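S.K.: Okay, here's what each chain looks like letter by letter:
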Amino acid sequence: MNGPLILIVEDEPQMLRFIRASLGSHGYRLLEAGTAQEATQLATTHAPELILMDLGLPDMDGLELTKQMREWTRTPIIVISARGREDDKVLALDAGADDYLTKPFGINELLARIRVALRHVREAASNVSEPVLTIRDLTLDLVKRQVLIAGKEVHLTPTEYKLLALLAQHRGKVLTHRQILKDVWGPAYANQSHYVRVHMAELRKKVEADPARPKLVVTEPGVGYRMRED
Amino acid sequence: MGKTYRMLQVARELVEHEVDVAVGLVETHGRYETAALLLGMPLLPRRKFAYRGSVLEELDVDGVLARKPRVVLVDELAHTNAPGSRHQKRWQDVVELLDAGIDVYTTLNVQHLESLNDVVAQITGVRVRETVPDAILERADELELVDLAPEELLVRLKEGKVYIAAQAERAATHFFRRGNLLALRELALRQVAEHVDDDVLEYREAHGVDATWATSERIVVCVGPAPASARLVRAVRRMATRLRSPWVAAYVEVSGRAPLAEADRVRLEAHLALAESLGASIVRLDGLGVGDAVLGYARKHNVTRIVLGKPTHARIWDRLRGSLLDELVRGSGNIDVHVISGDDEKVVTHDAPRDAPGAPFELRPYVLATALVALMTAVGWGLREAFHVPDVEMLYLVAVMFAALRLGRGPSIFVAGLSVATYDFFFVPPYYTLAVRDGRYLLTFTMMFGLGFVMSALATRVQRQERAARGREERTRALYALSRELGDSQAEPEVAEAAARQAADAFGVPAVIVADDGDETAWPPGGGLLDAEQAVCKWAKEHRTITGLGTATLPGAKVLCAPLVVGDQVLGVLALRPEAALPHEQRAFLETFARQIAFALERVRLTEQARLAAIKAKTEELRSSLLSSVSHDLRTPLGVLTGTASTLRDEARAAGAAERAALAPHVQRELLDTMVEEAERLERLVKNLLDMTRLEGGELALKREWVPLVEVVGSALSHLEHLLGTRAVYTHLPDDLPLVSVDPVLLEQLFINLLENAIKYTPEGSPFTLRARVESATLVVELADQGPGVVVGDEERIFERFYRGAHPGKSSAGLGLAICRAIAEAHGGTLTARNDGGAVFEFRLPLQGTPPTVEA
Numbered sequence: 135m136n137g138p139l140i141l142i143v144e145d146e147p148q149m150l151r152f153i154r155a156s157l158g159s160h161g162y163r164l165l166e167a168g169t170a171q172e173a174t175q176l177a178t179t180h181a182p183e184l185i186l187m188d189l190g191l192p193d194m195d196g197l198e199l200t201k202q203m204r205e206w207t208r209t210p211i212i213v214i215s216a217r218g219r220e221d222d223k224v225l226a227l228d229a230g231a232d233d234y235l236t237k238p239f240g241i242n243e244l245l246a247r248i249r250v251a252l253r254h255v256r257e258a259a260s261n262v263s264e265p266v267l268t269i270r271d272l273t274l275d276l277v278k279r280q281v282l283i284a285g286k287e288v289h290l291t292p293t294e295y296k297l298l299a300l301l302a303q304h305r306g307k308v309l310t311h312r313q314i315l316k317d318v319w320g321p322a323y324a325n326q327s328h329y330v331r332v333h334m335a336e337l338r339k340k341v342e343a344d345p346a347r348p349k350l351v352v353t354e355p356g357v358g359y360r361m362r363e364d
Numbered sequence: 040m041g042k043t044y045r046m047l048q049v050a051r052e053l054v055e056h057e058v059d060v061a062v063g064l065v066e067t068h069g070r071y072e073t074a075a076l077l078l079g080m081p082l083l084p085r086r087k088f089a090y091r092g093s094v095l096e097e098l099d100v101d102g103v104l105a106r107k108p109r110v111v112l113v114d115e116l117a118h119t120n121a122p123g124s125r126h127q128k129r130w131q132d133v134v135e136l137l138d139a140g141i142d143v144y145t146t147l148n149v150q151h152l153e154s155l156n157d158v159v160a161q162i163t164g165v166r167v168r169e170t171v172p173d174a175i176l177e178r179a180d181e182l183e184l185v186d187l188a189p190e191e192l193l194v195r196l197k198e199g200k201v202y203i204a205a206q207a208e209r210a211a212t213h214f215f216r217r218g219n220l221l222a223l224r225e226l227a228l229r230q231v232a233e234h235v236d237d238d239v240l241e242y243r244e245a246h247g248v249d250a251t252w253a254t255s256e257r258i259v260v261c262v263g264p265a266p267a268s269a270r271l272v273r274a275v276r277r278m279a280t281r282l283r284s285p286w287v288a289a290y291v292e293v294s295g296r297a298p299l300a301e302a303d304r305v306r307l308e309a310h311l312a313l314a315e316s317l318g319a320s321i322v323r324l325d326g327l328g329v330g331d332a333v334l335g336y337a338r339k340h341n342v343t344r345i346v347l348g349k350p351t352h353a354r355i356w357d358r359l360r361g362s363l364l365d366e367l368v369r370g371s372g373n374i375d376v377h378v379i380s381g382d383d384e385k386v387v388t389h390d391a392p393r394d395a396p397g398a399p400f401e402l403r404p405y406v407l408a409t410a411l412v413a414l415m416t417a418v419g420w421g422l423r424e425a426f427h428v429p430d431v432e433m434l435y436l437v438a439v440m441f442a443a444l445r446l447g448r449g450p451s452i453f454v455a456g457l458s459v460a461t462y463d464f465f466f467v468p469p470y471y472t473l474a475v476r477d478g479r480y481l482l483t484f485t486m487m488f489g490l491g492f493v494m495s496a497l498a499t500r501v502q503r504q505e506r507a508a509r510g511r512e513e514r515t516r517a518l519y520a521l522s523r524e525l526g527d528s529q530a531e532p533e534v535a536e537a538a539a540r541q542a543a544d545a546f547g548v549p550a551v552i553v554a555d556d557g558d559e560t561a562w563p564p565g566g567g568l569l570d571a572e573q574a575v576c577k578w579a580k581e582h583r584t585i586t587g588l589g590t591a592t593l594p595g596a597k598v599l600c601a602p603l604v605v606g607d608q609v610l611g612v613l614a615l616r617p618e619a620a621l622p623h624e625q626r627a628f629l630e631t632f633a634r635q636i637a638f639a640l641e642r643v644r645l646t647e648q649a650r651l652a653a654i655k656a657k658t659e660e661l662r663s664s665l666l667s668s669v670s671h672d673l674r675t676p677l678g679v680l681t682g683t684a685s686t687l688r689d690e691a692r693a694a695g696a697a698e699r700a701a702l703a704p705h706v707q708r709e710l711l712d713t714m715v716e717e718a719e720r721l722e723r724l725v726k727n728l729l730d731m732t733r734l735e736g737g738e739l740a741l742k743r744e745w746v747p748l749v750e751v752v753g754s755a756l757s758h759l760e761h762l763l764g765t766r767a768v769y770t771h772l773p774d775d776l777p778l779v780s781v782d783p784v785l786l787e788q789l790f791i792n793l794l795e796n797a798i799k800y801t802p803e804g805s806p807f808t809l810r811a812r813v814e815s816a817t818l819v820v821e822l823a824d825q826g827p828g829v830v831v832g833d834e835e836r837i838f839e840r841f842y843r844g845a846h847p848g849k850s851s852a853g854l855g856l857a858i859c860r861a862i863a864e865a866h867g868g869t870l871t872a873r874n875d876g877g878a879v880f881e882f883r884l885p886l887q888g889t890p891p892t893v894e895a
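Protein chains in written order, with the numbering used here: chain A, 135 to 364; chain Z, 40 to 895.
Treat the hints with care, since some could be wrong.
SDA-like, lysine to any residue: derived pairs with alpha carbons at most 25 Å apart [unchecked claim]:
(1) K742(Z) <-> T209(A)
(2) K597(Z) <-> Y90(Z)
(3) K349(A) <-> K597(Z)
Chain Z regions said to be covered by chain A (calculated; three or more residues, Cβ under 8 Å) [what the hints assert, rightly or not]:
(4) 751-757
(5) 777-788
Hints listed in this document are in silico derivations from the structure and should not be mistaken for laboratory results.
It should be emphasised that the depicted structure is a prediction, and the values quoted were computed from it without experimental measurement.
For every residue, glycine included, the Cβ atom is placed at its ideal position computed from N, Cα and C.
Pulled out of the complex, with its shape left as it was, chain Z reads as follows:
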């Protein structure tokens, strides 16, 4: 003892070396020396839990994580946390701190070590319920043994230095007997020695020292649902540690045998989990027999030792079914077979979840059973009286069969017994007594009862299998429904919503999907987690394990969270709110379910990413073509401008200096005209580019107003007055055209661009015709010219951005018509080109809404 004291001593040394040490939780047990060492150390506040009227204080993990000292002191590693804590055990808290990069100094009594649990129980007769897995001890960088000779300890105990006095007496009589202490001391010494060995071994291996003691041992332990298996597992772990060999816990599923009962299945899983926590790897074997399967595995994997428990059943079973031990020993060849005592069947280790409580006694089936027997007796009586039917006992068999199929095992055996008695009473002479005159009836009785017994067993088994099969079928159906619906969903919200719905269906409890998309969106909407549930959700995500109600972490929560994991990515969490902890097979099912959802989520996310990437690539492509086009179109006029302007300036300077005439006036004028033209061209280009960017907004960018078409057309034509010159433009706009809801500015731009395009590509002076009509709720406007028309095959391409047809002597950025089409489409309309004695551009605009009326 004195471990807390020693820990504090070491910590004080650290503090003196200015290491950032904080006291997470240290129990002084009211001892003065220990408390004295705590003076001046930074104590972190504890977390308080109200529990059954008292207040329990626990390590505040979040507090430590927030404070993040270099080293934290946490006393009593094996402590069990108060209900409502994040973890059941303190060592789990410590693991979390270690994972967060905080060094932990802690204390542990040897009897609390998981693999020594049985040994300690054997030595002392006291089973310690608070245990710590060996794996955590192996994580320790340093292990310091606080050793004390037993005699000295007993003295200290009497002096009250170990426990405070009131408890000391009781503790001493139960536990602190000299024999116990000696044995425990030995255990502790051995354990530490092993740890030291490990360090040496590691060192040798790390430094390439030839591993002279490298072992080729490999152990397989056969694990089953029997409670003794836990003991077996611990024993093998010690053996494996001593031999420094890897070990495997194997379970054999014998094909054809009835599936394990629920309680057995739970225990088996607990044993396998225990083995895994003690460092074993787990295998599940299939085979026709346990022996064959184990031996097959052993040979294939160079196993040197097979360990199994001592048989506990009567020898008669071995005669009937063959002995596993026998089979293994005979078939093992050069493999050693160890048989370890397994007689300790009453021990149920704390790791094994409690057996599922037996179904509570129900009276109803027994009442029914009695009624059934009464009915059969009445029928038999009637038959015998009326027809002298001899073999009424068959009727009772019917009753037994019915009871077996419908009422369960207990009632059916009850029926068998009652039948025998009733039959004897009513139908076996002497009547109305239970006495039997004819010895032959005894055989009938035995047969009746035996048959009833066997049948009930058979029927129960059939029922159980049927129930299991039905459960499997339901789960399969739920998975099928899930995958079908998820497959149909294309977007993340759909997937999440479908998944939440299916999960709620399959588990019959409210279900929520919380997507890990940065803002924790929950589906179905509004089903978000409460603050208390967020912690569960967070833990599930960070540690990728099912967390919450009924699990090892935060078991007291109202919610059960399953992380949706694909590869090394957590995509979200499936949260269920069941009334009670889920049964074991449901938990496994939940894992499968979550995996399916995760895959579906990943699929839609990848699809979405691909889509975005495609859009991005397209945008990039556009941008680069825009850049190349624009840089050309900007540079040309700029080049002309710079050239002309500098010519004018330089000539004027030269003329001034040489006192000679400057450029001839007509040349000067020509240059100036060029400059103005180029500047205007530049302006048009910039305007086009601006329009184009404005239109990227689509419908949103529109400012619709009710406008007469004639105003828009008129405005476009007067804008182009100079460019049109003397060209005739024949407009045919019927008087009764309705007002149209358009963005007048953009629509005018559409007509300006169309007209500019027509002016550019038709011979000087050739006329245009602009015609409008309403046709099945669509406004149709056509602009026809009498030029050469659109190059055949180019009718669509001319609307593409930066497409320039082959037109010698015409400069174009290839944006005008693209803008026209974008405007048309932003209005929900279309713009197409065709040839009809020249080019015809047709703009169709669906008429929407009712135009407002206007007072005179």
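With the rest of the complex left out, here is chain A:
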């Protein structure tokens, strides 16, 4: 077996058993760490391709560990936690986690997130991003800066285009309001979340069939937005 190597940082045996069983059967190779210390050690010695991180660890908060790891590795980190509050999610994502899953979650959800994270790594590594992205009925030509919905060209303002392009490049991943604001408007706007909201509402009017039932860019309430990829 030569599947991607995943480090699971989790101290609950039952949870571990469940993840081990399901990931193993999908061809992933697994490393297991029960403490932050173990996790750091395994991450440095084995260079996993992805880290699944539980926040409640016996020796250190997972959030803190995420921040520390981000100082020396860009390995994608997916946080899995029973802390379901939006603030916790935002904190984890802003601390450098790539994604966040609240317990309980279905195994399909987890597998999907892992796939997204691994693909982003691969894309970044290949250093060649596709010039044309096709997601559902959206076609986005990053070179021509052209947006087609079901084959029909849509005209976006520069801000809307930047917003759409950012989400498309990170499709499948949650982007927090802060991350979007920093990228599209600049760091000075990091706390003006209503900017994103208003422009997102405008964008949806142009790219969604029914802006009140969005299919392309979904809202993660209190956290940010995610562009679906399937």
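Got chain A sorted already, so can you dock chain Z onto it with the hints?
M.R.: Showing chain Z alone in chain A's frame:
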């Protein structure tokens, strides 16, 4: 003498028996033997007071209390403390130590005993000012007499063993005469003997020995403001002790008679207080006459002896007003009447507060009086010259009357005298001399002067009564204002603040209420007590008496503290900061005032307690209904999960063992579907419960942000994508809806719950309509379905927690809609339901603030 020496001897014996003894304060008077006994004993530091350039050392009560020895030695019980001490007298310190559970060994000379004060003064001619109430002697567990034959004492005195030599000579000539010593010795012996008797009596009573000498005696002593009453009280106390009888000090308020002058009132209260401190009970009687009232009381209470002072007034008064003594003796029947000498009127005992100093002499009224007489003379002169008016003396009467009403007693008598002289000089022939030719004028003079005299007395009395009445009226008005304002106040801070304000008004001094609520909150805020004042406040609270400026405890303080007591509870303290000690009637008024405040405080505290109790009961009720509901809703899915999972496992095992096929694949799939469904149900329930607890925080828990409504609705709809399936949801959200300031997460939850509810209770596939509009600064969102609608009459109840309508086949924790409403209300909005071709839920949210603008 030698009492200090003896005390130390006993203490040393205790030390040898390893009893924890500490020396609080012992005076050696420079005597070597005494000092020698002190060697090796633990001496507690004394408290030092700077007083008029010298340093006085006193017992450090707080030090002793902190050290808390088993026994403490305190010399000279009758000592008067330095100004600035907590108590005026050392015996008060000792009482405090006793109350704190510390045994005290102390010393006392017989002449310092309160009830013997007069006797000692009579024998020796020296009035001892430092006295100790008899009650404290009665608290003594043991009384040891240090006795010495007078001859021996005189020898010791000469040898310098009693006082140090320089003082000895003077002391001996004044006090230590052989006759005195003999008498004092006898007194001391008798006193100790009485104490021993008491012990025996107590023993007999405690052990059920028939009290053969039980007495049915009961004594009443008539107390008045006359200084001799103090003496009377002491005498009766000795009589009562000898007879072992209870005794009562009675004062009769004769209705219709003018109220007592201030100085008299103070003295009377002092006499009653003295009697009380000597063990009497106090009664205040009302009646038309003193005799009737006393006799009435005596008969009703089986009194055997009535004691009163010897009359000191002239017999003529008895003729005019009737003699009290006579009345009592005649009406007494089988009650003995004792008359005790009361001629010693000049003696003012130290207990009686000094007489209020007489008003200082003022010149102005006399100048005015003179001017008045001059004016009347001028007018009379003018009238006589112009109209030959004969009776100008009437004009002088006008002057006398005016002076009596306006200028007071002295000036009015002065006017009367001056009038007579002026009248004689100007209007009585021979003119311009004081000589009188016609003897009839002498009668006029006498009449003029007499009339002036009587009128001035009458006017003074009227004035005094008026002043008293005005004072009473003011106090009544202040009390009325207080009770009205306190009645209007609903919460403790209001009550306290109102009380402090009213107290400041009524007494005309700064006032503070310190509530005894654990953290000593003071009202008005910022008016807290200084450190020095805290001690006064603490004492007032602990001993439930008015303490501080002008009282017996801490009289030197700048503050006067009245405890707010209801029943056995101290609710706080009313602290006043007067310039000088309050006059007596103000003190009594302060007590009433404090009581009123205490009642009001108690009322609001009880109300508050009741409210909290109600809330608690409500919370308890909620909790128990939550528990019962939750345990059901948690157990059902858990039961299903356990059952299905164990079936799958056991079947797989059995199949493996028997090598037969496991469950049919479709059965397996069905069981697995059930498990996932139940797990999801469990998750929803837990989420609901968490939301509910989160919402208990109300407005505080909100994280408001400016959000377009369409995003919230959209997010809710995409969340429910699977559940909605193919249902049509028609959304009518106008393009120009403003941004709303809401907690986006909670608002989304509101819509999710509403939609889930609609999906659950409407037929599969029936559509919903979601419509929003702005109506008079309120956002109105309606969700209409085409289902059977809400059961009529249930429109409100469906929002109650744990309310589940009768819906066969639908499981529900009854939390979803309750959460919706809680969210709506936390935002300051409303959520209601009605029927309009299906159920319609209407969410109204008042629009607050101005939405921020966004650059393109």
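S.K.: Compare the structure with each hint and give your call.
M.R.: Okay, the hints, checked on the actual structure:
1. Taking the CA atoms of K742(Z) and T209(A), the gap is about 33 Å. The hint is violated against a cut of 25 Å.
2. For the hint linking K597(Z) to Y90(Z), the alpha-carbon distance of about 17 Å falls within 25 Å, and the restraint holds.
3. About 79 Å separates the Cα atoms of K349(A) and K597(Z), which puts this hinted pair outside 25 Å; it is violated.
4. By the rule of at least three residues with a Cβ nearer than 8 Å to a Cβ of chain A, the coverage given for the stretch 751-757 of chain Z holds, with 6 such residues.
5. For a cut-off of 8 Å, the count of residues in the stretch 777-788 of chain Z with a CB near a CB of chain A stands at 4, and the three-residue condition holds.
The structure fails hints 1 and 3 (numbered hints given earlier, in ascending order).
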